[in-house]
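Asks: Given next are the chains, with one letter for each unit.
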Amino acid sequence: MNLTNYLVLSGILFSIGSATVLLRRNAIIVFMGIELMLNATNLMLVTFSRMHGALDGQVLAFFVMVVAAAEVVVGLAIIVSIYRTRRSASVDDVNLLKS
Amino acid sequence: MHTLMTWAASAPTMLPISEISSGAQPVRGGIYAVAPLLVGLPLASAAILLLAGRRSDRWGHWLGVLASTGAFVVGLLTFLAILGRDASERVLDVHLGTWIDAGAFHLDAGMRLDPLSLTFVLLVTFVGTLIHVYSVAYMDHDRDRRRFFAYLNLFVAAMLVLVLADSYLLLFVGWEGVGLASYLLIGFWNHRTPYAVAAKKAFVANRIGDIGLVVALGLMFSTFGGVDFSTVLGADMSGVSTATLTGIGLMLLLAACGKSAQFPLQSWLGDAMAGPTPVSALIHAATMVTAGVYLIVRSSAIFDAAPTAQLVVVVVGAITLLFGAIVGCAKDDIKKALAASTMSQIGYMVLAAGLGPVGYAFAIFHLVTHGFFKAGMFLGAGSVMHGMDDQVDMRRFGGLARYMKITYLTFMAGWLAILGIPPFSGYWSKDKIIEAAFIPTDGHTWRAWVFGMVALLGAGITAFYMSRLFFMTFEGEKRWSTKADGSAQHPHESPALMTWPMIILAVGSVALGAFLGLGNRFVDWLAPVTGSHEEGDPVLAAPVLVGLTLLVVVVGAVIAWRRYAISTVPVTPPVGTALTRAARVDLYQDVVNDALLVEPGQHLTRTLVYADKAVVDGAAVGVGQSSVGLGRLLRKTQTGFVRSYAATMLLGLVVLVVAVLVTQS
Chain A
167 MNLTNYLVLS GILFSIGSAT VLLRRNAIIV FMGIELMLNA TNLMLVTFSR MHGALDGQVL
227 AFFVMVVAAA EVVVGLAIIV SIYRTRRSAS VDDVNLLKS
Chain B
62 MHTLMTWAAS APTMLPISEI SSGAQPVRGG IYAVAPLLVG LPLASAAILL LAGRRSDRWG
122 HWLGVLASTG AFVVGLLTFL AILGRDASER VLDVHLGTWI DAGAFHLDAG MRLDPLSLTF
182 VLLVTFVGTL IHVYSVAYMD HDRDRRRFFA YLNLFVAAML VLVLADSYLL LFVGWEGVGL
242 ASYLLIGFWN HRTPYAVAAK KAFVANRIGD IGLVVALGLM FSTFGGVDFS TVLGADMSGV
302 STATLTGIGL MLLLAACGKS AQFPLQSWLG DAMAGPTPVS ALIHAATMVT AGVYLIVRSS
362 AIFDAAPTAQ LVVVVVGAIT LLFGAIVGCA KDDIKKALAA STMSQIGYMV LAAGLGPVGY
422 AFAIFHLVTH GFFKAGMFLG AGSVMHGMDD QVDMRRFGGL ARYMKITYLT FMAGWLAILG
482 IPPFSGYWSK DKIIEAAFIP TDGHTWRAWV FGMVALLGAG ITAFYMSRLF FMTFEGEKRW
542 STKADGSAQH PHESPALMTW PMIILAVGSV ALGAFLGLGN RFVDWLAPVT GSHEEGDPVL
602 AAPVLVGLTL LVVVVGAVIA WRRYAISTVP VTPPVGTALT RAARVDLYQD VVNDALLVEP
662 GQHLTRTLVY ADKAVVDGAA VGVGQSSVGL GRLLRKTQTG FVRSYAATML LGLVVLVVAV
722 LVTQS
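If you read the protein sequences in the order shown, they are chains A and B.
Those letters in the first sequence? Residues 167 to 265, per the numbering used here, in order.
Those letters in the second sequence? Residues 62 to 726, per the numbering used here, in order.
Isolated chain A, as found in the complex (with noise of 0.2 Å):
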């Protein structure tokens, strides 16, 4: 089987990912995004972990995945804490740091 596939699988799956951050106003929607990119980033460094037969990506691959992990609690608390405060999800209504 061709690796080059998942290379490029993983390409689409991170372009869709940053799609999904940069366009969609819903945070949970931006959070999914995220993962999406993390998750491709996860599978091309398996691929090429495969592709030069060395554990360098696959170990890497972890450490992502617990740092996804940690950061999905963070990042879900604070939406969560957003929402009770001002009753919505969007990104956009989020913009007091500003000059």
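Derived by calculation from the structure, the hints in this document are not laboratory data.
Mixed in with the good hints, there may be bad ones.
Quick list of in silico lysine to aspartate or glutamate cross-link-like pairs, DMTMM-like style, CA-CA up to 25 Å [to be verified]: (1) LYS544(B) to ASP203(B); (2) LYS466(B) to ASP393(B); (3) LYS697(B) to ASP258(A); (4) LYS539(B) to ASP454(B); (5) LYS261(B) to ASP203(B); (6) LYS697(B) to ASP259(A).
Here's a subset of chain A near chain B, in silico, CB distances under 8 Å, partners left out [said to hold, decoys possible]: (7) SER184; (8) VAL187; (9) LEU188; (10) ASP222; (11) VAL257; (12) VAL260; (13) ASN261; (14) LEU262; (15) LEU263; (16) LYS264.
In this text, a Cβ means the ideal position worked out from N, Cα and C, and glycines have one as well.
Once you have looked at the hints, place chain B on chain A.
Replies: Just chain B now, kept in the frame of chain A:
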């Protein structure tokens, strides 16, 4: 840097022997131990009067008189002690302690007691004391009389530091001290703006001269390695380049010009008459303005080795003596006429000092006699003003001889003295200067003719303007104005406290010249300082010169008598010739100064202020403002929208990756 100022505190008791220096002998003990009191007494009195303030109002003036008298007594005792010594042992150094000890520069503070400095000490303290007494009555109605006496005492102390110093640096301290006292006293009535401006003018003109002294100090230190008289004046001048000596001489002359109101720094003296009249008598006639002559005579060793500088000194003296005389002819303000006369007479002294060894003694001789008769005439002018409700316009005087007999007679003594009528004081000193001017130096006969004729002409003009002043004030018909409150003038003689100083000074104007001049007493007395010299022959025989001078003087006086005593003097000044009009405004000296110095200076400062604002401040403020502007521009990218931040990050990442790929391939 290690500076000691112990000498002032411990001076009277601690008198270690100084190093043996050329000519000057170290002394200790005896009368010389109390010599520092000369400076100490008036200085202490000034400090007490200034610090005690209004509490000393009732007795302050008498303390001032006492301090000045005390200084005179000490001066007289010192003088007698020196007089008792052999002529060759009359130059003494009283060592007072280390003043400055900074590496290569070591300077002791001390007092130089010699015939020259003691002549000044006696003149300053004696005339000073008389003027102190006079001021007690003259300033009677002034609520600040105590402060006046504090300043007078400060002046006496500073003047004594100036003449007693044994180094140029200590002399400089006194030099600045008298400048300060002069400033304070000219502006004594500083609530009147013109008076305050006059004080400032005198101060600034003096500062210009002081730069000369500072530069001379630097040149001396670099040339001789020291600034005390023993090092500088005792040095072997043949080993020093003439250019350096000329430079030092010219810088000293600049200093003398500032202090002595010589051309071209003379413009302040006329305005200095804003001060109370006793101040004009003491500071701006008898003592401080003659400090320049003292400086030149004291530095005779330098000037003798620099003929060019000497020539410039003579030229400056000659110009000033004519300048002052011409201005004096046109002034109607009695004090300003006397001020112009002072300027002219100091011109004579400077001229004599520039003639070299042949003239030094006569310069100081004329300085002493002038100190008496001019101070006497200023006090007379003060007495006239006192009796005439502070009127100073001579066109408003006239016929005062009958009303103020003592003032009239004492003024007459001064008048005859300044004219140089034998046997009055001025004859013995001024005629000698004119004679000395006619003696060729270094075989330059033309110089003798030029400077001799200038001095002779000056004597004639002097006779004219002084007679004019005398006749306009005391002779002719009454031209009195009414008083400030509209009532009629009642001129009256001044109280005894004012007349007695005038009488004593008049006695000096009559007899001092003969006393000092007969048998060459004064010249021999000064010989240890000025050196003895063989006198050359003037280009005209001496009796011819005496006769010629007398003739010129009588002609000048007669012209004045015809115009101002027997004919009517108009109350308002006539338009006059172009020269008269020019002389009334001091020959346009203020205009010239304004056009040449003041206005370019103001333009320069304005340009500099503008440049400072536009360029220096502009650069500093510009940098700050452009940062602010850039920040304001960049702030617009901070929208607060998370997604736009994310887009920026992605874009940056793509650019980074592309860049890496491009550079690596």
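Asks: Would you mind confirming whether the straight-line C-alpha gap from LYS544(B) to ASP203(B) stays at or under 25 Å?
Replies: Between LYS544(B) and ASP203(B) the Cα gap is close to 19 Å, so the pair holds against 25 Å.
Asks: Compare the distance between the alpha carbons of LYS697(B) and ASP258(A) with 25 Å, and conclude whether the hinted pair is satisfied.
Replies: holds (17 Å)
Asks: Hinted pair, alpha-carbon criterion (25 Å max): LYS261(B), ASP203(B). Please report holds or violated.
Replies: holds (22 Å)
Asks: Take the shortest C-beta to C-beta distance between LEU262(A) and chain B; is it under 8 Å?
Replies: LEU262(A) check passes; min Cβ-Cβ to chain B is 6 Å, inside 8 Å.
Asks: Does ASN261(A) pass the interface check with chain B, least Cβ-Cβ distance below 8 Å?
Replies: Constraint on ASN261(A) satisfied, holds at 3 Å.
Asks: Against chain B, is LYS264(A) within 8 Å by beta-carbon distance?
Replies: holds (3 Å)
Asks: Under 8 Å is the threshold here; is the Cβ of VAL187(A) close enough to any Cβ of chain B for the hint to stand?
Replies: Constraint on VAL187(A) satisfied, holds at 5 Å.
Asks: Would the hint on LEU263(A) be counted as holding, given a Cβ-Cβ threshold of 8 Å to chain B?
Replies: holds (5 Å)
Asks: Is the hint on VAL257(A) kept, meaning its closest Cβ partner in chain B is under 8 Å away?
Replies: Since the shortest Cβ distance to chain B is 5 Å, the answer is holds.
Asks: Go through the hint on ASP222(A) and say holds or violated, using the shortest Cβ distance to chain B against 8 Å.
Replies: Violated, because the Cβ-Cβ distance from ASP222(A) to chain B comes to roughly 20 Å (cut-off 8 Å).
Asks: Are the Cα atoms of LYS697(B) and ASP259(A) separated by 25 Å or less?
Replies: Holds, because 18 Å separates the two Cα atoms, which is no more than 25 Å.
Asks: Given SER184(A) as an interface hint, is the shortest Cβ-Cβ distance to chain B below 8 Å?
Replies: holds (6 Å)
Hint 10 from the earlier list is the only one contradicted by this structure; the remaining hints agree with it.
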